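> Here is how the chains run, residue by residue.
Protein chains: 2
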Amino acid sequence: MTYCLAINVENGLVFCSDSRTNAGVDQVSTYSKMYRFGIEGERQFVVLSAGNLGTTQAVISRLKRDIKDGAEQSLKTVESMSDAAEYLGEVNRAQQEKHSDNTSANFEASFIIGGQIQGEKPRVMMVYPAGNHITTSKDTRYLQIGESKYGKPILDRILTAKTDLDTSALCALVSMDSTMRSNLTVGPPIELLRYEKDSFTGQHNRFDEDDEYLRELKKAWDARLVEAFVQLPPIDWQPQSPDESHEA
Amino acid sequence: MTYCLAINVENGLVFCSDSRTNAGVDQVSTYSKMYRFGIEGERQFVVLSAGNLGTTQAVISRLKRDIKDGAEQSLKTVESMSDAAEYLGEVNRAQQEKHSDNTSANFEASFIIGGQIQGEKPRVMMVYPAGNHITTSKDTRYLQIGESKYGKPILDRILTAKTDLDTSALCALVSMDSTMRSNLTVGPPIELLRYEKDSFTGQHNRFDEDDEYLRELKKAWDARLVEAFVQLPPIDWQPQSPDESHEA
Numbered sequence: 001m002t003y004c005l006a007i008n009v010e011n012g013l014v015f016c017s018d019s020r021t022n023a024g025v026d027q028v029s030t031y032s033k034m035y036r037f038g039i040e041g042e043r044q045f046v047v048l049s050a051g052n053l054g055t056t057q058a059v060i061s062r063l064k065r066d067i068k069d070g071a072e073q074s075l076k077t078v079e080s081m082s083d084a085a086e087y088l089g090e091v092n093r094a095q096q097e098k099h100s101d102n103t104s105a106n107f108e109a110s111f112i113i114g115g116q117i118q119g120e121k122p123r124v125m126m127v128y129p130a131g132n133h134i135t136t137s138k139d140t141r142y143l144q145i146g147e148s149k150y151g152k153p154i155l156d157r158i159l160t161a162k163t164d165l166d167t168s169a170l171c172a173l174v175s176m177d178s179t180m181r182s183n184l185t186v187g188p189p190i191e192l193l194r195y196e197k198d199s200f201t202g203q204h205n206r207f208d209e210d211d212e213y214l215r216e217l218k219k220a221w222d223a224r225l226v227e228a229f230v231q232l233p234p235i236d237w238q239p240q241s242p243d244e245s246h247e248a
Numbered sequence: 001m002t003y004c005l006a007i008n009v010e011n012g013l014v015f016c017s018d019s020r021t022n023a024g025v026d027q028v029s030t031y032s033k034m035y036r037f038g039i040e041g042e043r044q045f046v047v048l049s050a051g052n053l054g055t056t057q058a059v060i061s062r063l064k065r066d067i068k069d070g071a072e073q074s075l076k077t078v079e080s081m082s083d084a085a086e087y088l089g090e091v092n093r094a095q096q097e098k099h100s101d102n103t104s105a106n107f108e109a110s111f112i113i114g115g116q117i118q119g120e121k122p123r124v125m126m127v128y129p130a131g132n133h134i135t136t137s138k139d140t141r142y143l144q145i146g147e148s149k150y151g152k153p154i155l156d157r158i159l160t161a162k163t164d165l166d167t168s169a170l171c172a173l174v175s176m177d178s179t180m181r182s183n184l185t186v187g188p189p190i191e192l193l194r195y196e197k198d199s200f201t202g203q204h205n206r207f208d209e210d211d212e213y214l215r216e217l218k219k220a221w222d223a224r225l226v227e228a229f230v231q232l233p234p235i236d237w238q239p240q241s242p243d244e245s246h247e248a
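Going line by line, the protein sequences match chains A and B.
Last residue of the first sequence: 248 in my numbering, with the numbers rising by one and none dropped.
Last residue of the second sequence: 248 in my numbering, with the numbers rising by one and none dropped.
Derived from the structure by calculation, the hints contain no laboratory data.
Possibly wrong hints are sitting among the right ones.
[What the hints assert, rightly or not] Listed below are the simulated DSS-like cross-link pairs for lysine-lysine, each with C-alpha atoms no more than 25 Å apart in a straight line:
{"#": "1", "chain 1": "B", "residue 1": "LYS218", "chain 2": "A", "residue 2": "LYS218"}
{"#": "2", "chain 1": "B", "residue 1": "LYS64", "chain 2": "A", "residue 2": "LYS162"}
{"#": "3", "chain 1": "B", "residue 1": "LYS64", "chain 2": "B", "residue 2": "LYS76"}
{"#": "4", "chain 1": "B", "residue 1": "LYS76", "chain 2": "A", "residue 2": "LYS162"}
{"#": "5", "chain 1": "A", "residue 1": "LYS162", "chain 2": "A", "residue 2": "LYS121"}
{"#": "6", "chain 1": "A", "residue 1": "LYS64", "chain 2": "A", "residue 2": "LYS76"}
{"#": "7", "chain 1": "B", "residue 1": "LYS197", "chain 2": "B", "residue 2": "LYS219"}
{"#": "8", "chain 1": "A", "residue 1": "LYS218", "chain 2": "B", "residue 2": "LYS219"}
{"#": "9", "chain 1": "A", "residue 1": "LYS218", "chain 2": "B", "residue 2": "LYS76"}
{"#": "10", "chain 1": "A", "residue 1": "LYS138", "chain 2": "A", "residue 2": "LYS64"}
{"#": "11", "chain 1": "A", "residue 1": "LYS197", "chain 2": "A", "residue 2": "LYS219"}
{"#": "12", "chain 1": "A", "residue 1": "LYS218", "chain 2": "B", "residue 2": "LYS162"}
{"#": "13", "chain 1": "B", "residue 1": "LYS138", "chain 2": "A", "residue 2": "LYS219"}
{"#": "14", "chain 1": "B", "residue 1": "LYS121", "chain 2": "B", "residue 2": "LYS218"}
{"#": "15", "chain 1": "B", "residue 1": "LYS76", "chain 2": "B", "residue 2": "LYS138"}
{"#": "16", "chain 1": "B", "residue 1": "LYS121", "chain 2": "B", "residue 2": "LYS138"}
{"#": "17", "chain 1": "A", "residue 1": "LYS98", "chain 2": "A", "residue 2": "LYS121"}
{"#": "18", "chain 1": "B", "residue 1": "LYS197", "chain 2": "A", "residue 2": "LYS219"}
{"#": "19", "chain 1": "B", "residue 1": "LYS218", "chain 2": "A", "residue 2": "LYS138"}
{"#": "20", "chain 1": "A", "residue 1": "LYS138", "chain 2": "B", "residue 2": "LYS219"}
{"#": "21", "chain 1": "A", "residue 1": "LYS219", "chain 2": "B", "residue 2": "LYS98"}
{"#": "22", "chain 1": "A", "residue 1": "LYS64", "chain 2": "A", "residue 2": "LYS98"}
[To be verified] Quick look at which bits of chain A chain B covers, simulated, 3 or more residues with Cβ under 8 Å:
{"#": "23", "segment": "100-107"}
{"#": "24", "segment": "196-207"}
{"#": "25", "segment": "214-225"}
[Stated by the list, open to error] Not everything, but these chain A residues come out facing chain B in the computed CB check (under 7 Å):
{"#": "26", "residue": "LEU53"}
{"#": "27", "residue": "GLN57"}
{"#": "28", "residue": "ARG65"}
{"#": "29", "residue": "ALA94"}
{"#": "30", "residue": "PRO153"}
{"#": "31", "residue": "THR167"}
{"#": "32", "residue": "ARG181"}
{"#": "33", "residue": "THR185"}
{"#": "34", "residue": "TRP237"}
Computed from a predicted structure; not experimentally measured.
The beta carbon of each residue, even a glycine, is placed where N, CA and C say it ideally should be.
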């Protein structure tokens with residue numbers, strides 16, 4: 001399994017990904033799921049991947065080769081983030097179809113692509129296995145691929161357009177931590193990338209399994225939550241009304 | 001869908017359930033999923049239900065009838081919580097099998113049964129469609145049925161054996177709120193029951209859709225979380241190393 005997410009707030013973008021891949025529970029490996037492409041000062045892309053590892057690796061190779069070969073369409077030539085997502089969708093579909101004929105195996109893969117092209121606002125898109133894509137909105141500031149449920153509530157409670165980049169990054173790490181606790185097939189190293197609007201460069205951190213900061217963050221967050229409960233309005237309990245109980 | 005959970009801490013038990021049932025998205029109704037049985041001062045049971053509504057209603061009817069008819073085995077006669085779960089499992093299986101022959105429809109139902117019998121500790125069990133059951137442990141203080149993923153992280157971060165009953169109850173409400181935000185087929189009224197060890201009675205609250213307290217709690221919790229982020233250790237960002245970026 002996988003958990004990747006991207007956040008789009010007014011000041012920029014945040015990307016976060018785990019690095020665990022597995023086929024069953026006893027074939028577990030570590031692969032980065034975060035790829036960066038760009039021309040410093042001109043265009044920056046971050047791609048996050050989920051799904052069949054053969055497909056995601058083939059897709060990323062193709063993206064690199066198209067750039068290297070000076071292909072008509074590549075991340076170097078696309079004119080908008082929306083074109084970039086369209087292009088990634090086509091590559092994704094082509095790679096899946098290559099092997100789908102003679103087997104019932106699942107070659108599906110999903111991607112998140114985000115970044116900024118000079119003259120455009122920063123944007124984030126999610127590319128489905130079918131090749132189509134969606135983007136964030138005023139009300140929905142994030143996109144997720146993979147095991148998305150455990151880490152969703154904290155994003156819903158915290159993220160708005162005005163959330164600053166550092167809080168967004170912390171929120172992504174807490175969301176990732178919630179997911180790792182509950183799904184063993186999501187695991188470290190964790191990669192985190194912070195992209196400030198109009199910077200056309202990024203800041204990237206990688207947290208290994210025994211990372212001191214990640215441990216400290218987890219501990220601090222757990223402690224803050226316990227404290228938060230103390231400040232909540234107390235429940236005004238009603239005695240159990242006897243007529244609602246079924247006398248045994 | 002459904003979300004029900006039960007918490008087992010040293011001082012007692014907490015039960016929480018939603019009340020939405022649906023077949024598709026345009027056939028939505030409200031049914032309580034929390035049932036109480038007991039003899040004040042002697043034995044108390046709380047049953048939470050998830051799954052096929054025909055099955056859960058038939059199971060609860062049968063539990064009531066067995067008590068009323070003075071059957072050899074009923075919640076009035078079982079000698080332990082474990083026997084109670086075994087009995088509920090048999091009733092559940094029998095009701096599912098009644099209709100399963102001529103259709104591919106899914107009649108499965110799951111239950112949580114918790115409570116206390118004089119002379120025993122309070123206990124909580126989860127009864128599977130197959131009739132078997134599991135209970136909580138020293139490390140796992142809660143059980144969930146239905147849409148369990150969204151509400152799980154907060155339970156994992158907060159609950160220990162020593163958590164007091166009021167915090168446990170607030171934690172259950174926050175877990176329920178997280179789930180309701182993310183899954184439309186989990187909805188109010190929310191029922192909450194607090195059982196103090198050796199009390200052999202309970203306190204029960206029901207929160208409707210427009211409940212003032214629930215709104216206040218949600219607002220307070222969101223505010224506390226935003227504050228909590230401010231106190232977290234800041235990330236020590238590394239500049240993006242150019243050799244790791246793929247030049248477009």
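> So if I understand the rule, the pair passes when the alpha-carbon distance is 25 Å or less; does LYS162 of chain A with LYS121 of chain A pass?
holds, 15 Å
> Check whether the Cα positions of LYS219 of chain A and LYS98 of chain B lie no farther apart than 25 Å.
Distance of about 51 Å is beyond 25 Å: violated.
> When the nearest CB of chain B is found for PRO153 of chain A, is that gap smaller than 7 Å?
It holds, given that the least Cβ distance between PRO153 of chain A and chain B is near 4 Å, below 7 Å.
> Run the distance test for LYS197 of chain A versus LYS219 of chain A: straight-line Cα separation, threshold 25 Å.
violated, 31 Å
> Please work out if LYS138 of chain B and LYS219 of chain A have their alpha carbons no farther apart than 25 Å.
holds, 21 Å
> Going straight from one Cα to the other, do LYS218 of chain A and LYS162 of chain B come out at no more than 25 Å?
The given pair, whose Cα atoms are some 20 Å apart, holds under the 25 Å limit.
> Does the closest beta carbon of chain B sit nearer than 7 Å to the beta carbon of TRP237 of chain A?
holds, 4 Å
> Check the hint pairing LYS218 of chain A with LYS76 of chain B against an upper bound of 25 Å on the C-alpha distance.
violated, 46 Å
> Does the closest beta carbon of chain B sit nearer than 7 Å to the beta carbon of ARG65 of chain A?
violated, 11 Å
> If you count the residues of the segment 214-225 of chain A with a beta-carbon closer than 8 Å to a beta-carbon of chain B, do you get 3 or more?
n = 7 at 8 Å, threshold three: holds.
> Holds or violated: LYS64 of chain A with LYS98 of chain A, Cα cutoff 25 Å?
holds, 19 Å
> Within a Cα-Cα threshold of 25 Å, do LYS138 of chain A and LYS219 of chain B meet the stated pairing?
holds, 21 Å
Consistency note: the structure conflicts with the earlier hints numbered 2, 4, 7, 9, 10, 11, 14, 15, 17, 18, 21, 23, 26, 27, 28, 29, 33.
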